[in-house]
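Can you make the complete structure from the sequences, with help from the hints?
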Amino acid sequence: MSDETMTLFSPRLAARFDALILKYPLRRSALVPMLLYAQDEVGYLSDAVISEVAERIGITELEVRNVATYYSMLRFKPAGKYNVQVCTNISCMLRGAYEVYERFQEELGIAHKGITADGLFSLEEVECIGACCWAPAIQVNYEFHDELTPEHVPGILAGYRSKAGVPSDGSLSLGWKAGVPSDGSLSLGWKAQAEGNAPHA
Amino acid sequence: MADVTFIVDGKKLTAPAGTLLIDACRKAGIEIPAFCYYPGLSLQAACRMCVVRQEKVPKLQTACTTTVAEGQVFITESPEIAQARKSTIELLLGNHPLDCPVCDAGGECELQDMTFKYGAGESLYAEAKEHREEQQWSPAVYFDRPRCILCYRCIRMCGEGMDVWALGVQNRGVSSVIAPNGGDQLDCEQCGMCIDVCPVGALTSGSYRYKTRPWEMNHVSTVCTFCADGCKVTLGVRQVNDGSEIVRADNRDKSGINGDFLCAKGRFGFDFVESPERLTKPLVRNSQGKLEPATWEHALRFAASKLKEIRDSKGGASIGVIGSNRTTNEENYLLQKFARTVLQTNSIDHVRSTDYAALARALAGHNCKTASLRDIATAPAILLIGGNPTEEHPLLAWNLRTNVRLNRARLYIANTKPIKLERQAKAALRLPADGYQAIPAYLGGSDDTIKDTAFREAVLAEESLVVVFGQEYRGQAVESLVAWGLKRGPNSGSVRFAFLGDHANSRGAADMGLLPDLLPGYVPVTAPGAFQEYPGLPATPGKTLPEMFEAAGKGELGALLVVGANPVASLGVDPAALKNTFVIVQDLFLTETAALADVVFPAASLYEKSGTVTNTYGDVQLAKKAADRAGVKPDFEILVRLAGAMGVDVKTLVPFGKDGVTADLGQSRGAQAGEADRHAVWLAANNLEPRLSPFDPLAVLDEIERLVPGYTLDRINLFGGNDVRTEPGFVPITALKEAASALVAPAHDGLFTSGTLGRYSPALKELEQHQARELAESAAD
Ligand code: SF4
Ligand code: SF4
Ligand code: SF4
Ligand code: FES
Ligand code: FES
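Chains A and B, in that order, give the protein sequences.
Each residue of the first sequence is one higher than the one before, starting from 1 at the first, in my numbering.
Each residue of the second sequence is one higher than the one before, starting from 1 at the first, in my numbering.
Keep in mind the hints are simulated off the structure, nothing from the lab.
Hints are not guaranteed to be accurate.
[To be verified] Taking lysine to any residue and the SDA-like style, the derived pairs with C-alpha atoms no more than 25 Å apart in a straight line are:
no. : chain 1 : residue 1 : chain 2 : residue 2
1   : A       : Lys113    : B       : Val177
2   : A       : Lys113    : B       : Ser176
3   : B       : Lys420    : A       : Arg28
4   : B       : Lys426    : A       : Thr60
5   : B       : Lys420    : A       : Leu26
6   : B       : Lys426    : B       : Ala381
7   : A       : Lys113    : B       : Arg172
8   : B       : Lys426    : A       : Tyr24
9   : B       : Lys426    : A       : Arg28
10  : B       : Lys254    : B       : Glu108
11  : A       : Lys113    : B       : Lys129
12  : B       : Lys129    : A       : Glu125
13  : B       : Lys426    : A       : Leu22
14  : B       : Lys129    : A       : Tyr70
15  : A       : Lys113    : B       : Glu31
16  : B       : Lys117    : B       : Ala84
17  : B       : Lys129    : A       : Tyr71
18  : B       : Lys554    : B       : Gly289
19  : B       : Lys426    : A       : Leu26
20  : B       : Lys417    : A       : Ile59
21  : A       : Lys113    : B       : Val174
Here it is, written out as structure tokens:
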């Protein structure tokens with residue numbers, strides 16, 4: 001993709017994509033990593049992201065969707081600012097993952113793939129995240145919290161609330177909104193679409 | 001590959017090594033059930049229905065991916081296998097609604113048949129079925145998710161077969177779902193191939209759904225009436241009050257020239273026959289100058305007496321005849337014979353979509369130099385110059401794609417603009433705007449305006465080549481191109497040609513002599529050869545179509561007979577030109593031309609009559625009467641009745657009855673003096689019985705075979721529903737001269753248009769609008 005072309009992505013990510021595509025014998029092999037990186041930066045795979053990724057690789061948007069919808073880690077609706085992923089696979093399950101997961105649901109008032117009204121948190125039940133030795137484990141964005149009990153849950157959430165500048169009573173300050181990546185329209189979009197579930201749920 | 005021998009169910013079979021077991025078995029009459037396997041498409045091995053036991057292999061194997069090798073031993077039916085298949089069906093029925101009673105596919109559904117055979121009607125899966133509402137993806141394609149068994153045939157057909165790639169699969173596991181490219185809409189060629197290959201009722205067709213049950217239809221295989229490729233099409237017809245109605249078009253037994261294929265026009269466009277605007281009564285202009293319905297008898301008598309009067313008072317030369325490029329060969333032949341022998345005029349022409357006469361001239365005396373549509377599906381190398389087959393010749397495009405995909409054929413494309421088929425091309429040459437003329441010189445090495453020498457070298461390196469060229473070539477240019485090819489190859493297969501034209505039978509129109517200077521088989525009117533037996537054949541060339549209208553404008557055209565053509569609209573003729581001409585039109589609709597006529601006869605469509613048609617490659621096929629419409633008559637019958645009403649002895653036009661044409665007892669003078677009835681002699685020599693009805697087009701087919709050079713047809717195959725070849729090379733080289741200024745007007749019909757017929761097809765109109773909307777939407781994004 002040439003420099004003049006409009007891109008959704010940061011210059012760094014755009015450059016990374018340019019290199020990634022040339023790395024494989026087949027351009028489309030770059031698809032899955034590109035989708036992951038794009039999701040990390042934009043928050044989710046919007047129509048615009050899908051269309052730009054398709055164009056960069058030279059495949060149809062349909063093909064991008066065929067692949068993207070296969071993976072449950074890729075999402076098509078915005079997640080909360082902090083996406084709480086609770087592992088309930090065997091090791092974690094045996095060590096009480098479901099109690100932890102239930103506590104998250106109670107504290108946040110949302111269920112699987114839900115998102116809190118303020119857009120701060122979303123919750124997901126996920127497959128093994130590779131932290132079995134310290135089960136039960138969760139992942140919040142890219143941070144791990146392990147060897148959990150339900151009692152840990154309020155503290156973890158409070159930690160993120162204060163990180164986002166939200167008072168612990170839950171009343172919303174403007175602090176964290178300023179931290180939302182890229183343009184304001186995107187953050188509005190997040191909230192507008194926040195109720196929906198993932199397409200294949 | 002070398003043949004190997006292996007054993008299936010105790011039977012010794014032989015097949016080339018590497019053949020898929022499923023194919024080898026089918027050839028030997030051993031049916032192995034399969035949902036995902038589809039011949040010609042990539043292997044999917046998704047459904048596990050085809051499992052078989054192979055000796056010394058621990059697990060059941062999929063016959064659709066197992067290739068045969070020497071000494072293998074297979075079992076295809078056993079309790080173990082039946083159990084495995086039964087479980088597979090139970091799994092496939094996991095989400096299935098079992099709504100066969102209301103499903104379009106009921107009665108011809110592979111899943112239904114297999115469930116019947118293996119008795120797995122009840123699914124043992126306890127999970128709730130995932131239901132989704134049916135979706136309409138386009139006017140042509142509907143999707144019922146719950147019936148889908150995820151065989152991926154549709155995806156592969158659309159992608160590999162059509163090169164459209166409009167279908168995909170989303171999500172995974174039990175929630176996998178087939179998805180169209182436009183979110184909830186299909187932005188594609190609307191060919192309906194996906195519907196055709198779907199083994200169940202998940203993809204259904206907008207025009208057929210919920211109309212009837214398969215066993216309530218009669219199935220008649222005939223020839224598509226739209227483009228010049230001439231697909232074989234099976235029409236599903238049902239009795240209705242005023243005749244019989246076509247409810248479906250497909251290629252049911254996948255036989256014929258097109259195998260699996262049909263495009264949107266062939267599949268959905270048949271509804272023009274049911275158009276409320278269809279003419280069903282003759283119209284005669286009354287004293288107030290208005291067209292009003294009349295009886296056949298009155299209209300025929302009136303038209304005949306006027307024609308006779310004008311011929312007798314002003315001479316035959318003052319009458320013009322315009323034929324059709326969608327009527328049958330027999331009708332075209334009869335029309336020119338009627339024009340020349342009854343009306344006494346050579347002023348007969350048709351709206352020419354390409355210059356077939358130039359091809360005949362170029363090939364005269366050189367046999368085996370044309371390529372059939374089948375040849376194009378197997379030729380090792382093809383050079384395509386001009387044209388855009390994807391839009392204008394969908395079957396040709398399909399054959400080219402298939403040949404490249406399955407046989408690694410090498411496709412070379414020379415065009416002034418980029419065309420979609422370049423995606424399959426080994427090399428593409430972009431020509432300057434006027435570049436077509438230079439091609440023969442470029443290929444011959446004596447042109448330096450086209451710089452790309454690598455393309456030429458690649459083409460010249462091919463030992464055998466089929467050259468397919470478009471309507472960009474006319475007259476001298478056709479001859480130069482063919483001359484290059486004839487010079488090139490020492491053997492008969494080296495270079496063969498195919499020339500593209502439009503409409504179902506424009507090749508037949510030219511072959512049958514709807515030309516002012518040429519008789520059937522491109523025999524010049526000035527040197528009539530076999531046609532000497534025509535009584536009173538005028539010896540000078542008549543007027544071309546533009547000349548007829550010019551004469552009409554000057555008040556010199558007494559009468560004009562137009563059959564299945566709309567020159568007023570297609571050539572932009574000024575309607576005022578015809579005000580002093582007595583005009584007779586035979587057509588399906590009140591076209592711009594028919595609206596000017598004094599007498600209009602309601603004609604049958606190709607689907608409502610029998611006869612032969614010739615596609616643009618020279619493949620002749622038999623069209624069979626499928627539907628019926630009260631009030632209309634085939635053009636053949638209209639012409640015979642018109643001649644009869646003029647007092648002509650019909651036997652001189654149509655050789656029917658025990659006595660043949662004319663039993664000359666040696667009393668006449670002239671060319672045939674003292675001769676026996678030539679037609680009767682020919683029939684006897686060919687072991688044929690005379691036809692008994694003057695309305696039997698096959699009587700004229702006999703005469704065509706007897707008199708028209710190049711039309712010696714393989715009857716067994718023709719009547720068996722196969723395409724047979726004509727041989728334009730049999731046209732005698734003598735006396736073929738450059739034609740008079742001929743007006744060639746290519747139609748450039750696209751995927752959803754087809755001259756007059758397309759205009760009256762609601763289905764094609766709807767598809768066109770749908771695709772225009774999709775285009776606008778994707779442009780807006
Ligand atoms: S109608 Fe034809 S082009 Fe459209 S999705 Fe089906 S197979 Fe593909
Ligand atoms: S829609 Fe039909 S052809 Fe396509 S995957 Fe489903 S069952 Fe197969
Ligand atoms: S329009 Fe042409 S390609 Fe389409 S079905 Fe008819 S003959 Fe075949
Ligand atoms: S099972 Fe939970 S991290 Fe592996
Ligand atoms: S036909 Fe062999 S697996 Fe489907």
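Results of checking the hints against the structure:
1. A/Lys113 <-> B/Val177: 21 Å, holds
2. A/Lys113 <-> B/Ser176: Satisfied, since the Cα-Cα distance of roughly 19 Å is no more than 25 Å.
3. B/Lys420 <-> A/Arg28: 22 Å, holds
4. B/Lys426 <-> A/Thr60: 23 Å, holds
5. B/Lys420 <-> A/Leu26: 22 Å, holds
6. B/Lys426 <-> B/Ala381: Given that 25 Å is the threshold and the Cα spacing comes to 10 Å, the pair holds.
7. A/Lys113 <-> B/Arg172: Given pair lysine 113 of chain A, arginine 172 of chain B holds - Cα atoms ~18 Å apart, limit 25 Å.
8. B/Lys426 <-> A/Tyr24: 24 Å, holds
9. B/Lys426 <-> A/Arg28: 22 Å, holds
10. B/Lys254 <-> B/Glu108: 15 Å, holds
11. A/Lys113 <-> B/Lys129: 22 Å, holds
12. B/Lys129 <-> A/Glu125: 23 Å, holds
13. B/Lys426 <-> A/Leu22: Roughly 24 Å separates the two Cα atoms, so the pair holds.
14. B/Lys129 <-> A/Tyr70: OK: lysine 129 of chain B and tyrosine 70 of chain A at ~20 Å, within 25 Å.
15. A/Lys113 <-> B/Glu31: Violated - the C-alpha atoms of glutamate 31 of chain B and lysine 113 of chain A are around 48 Å apart, more than 25 Å.
16. B/Lys117 <-> B/Ala84: Between lysine 117 of chain B and alanine 84 of chain B the Cα gap is close to 13 Å, so the pair holds against 25 Å.
17. B/Lys129 <-> A/Tyr71: Answer holds: lysine 129 of chain B to tyrosine 71 of chain A is near 22 Å, not above 25 Å.
18. B/Lys554 <-> B/Gly289: This hinted pair holds, its Cα atoms lying about 22 Å apart.
19. B/Lys426 <-> A/Leu26: 20 Å, holds
20. B/Lys417 <-> A/Ile59: 23 Å, holds
21. A/Lys113 <-> B/Val174: 19 Å, holds
The structure fails to meet hint 15 from the earlier list, while all remaining hints are met.
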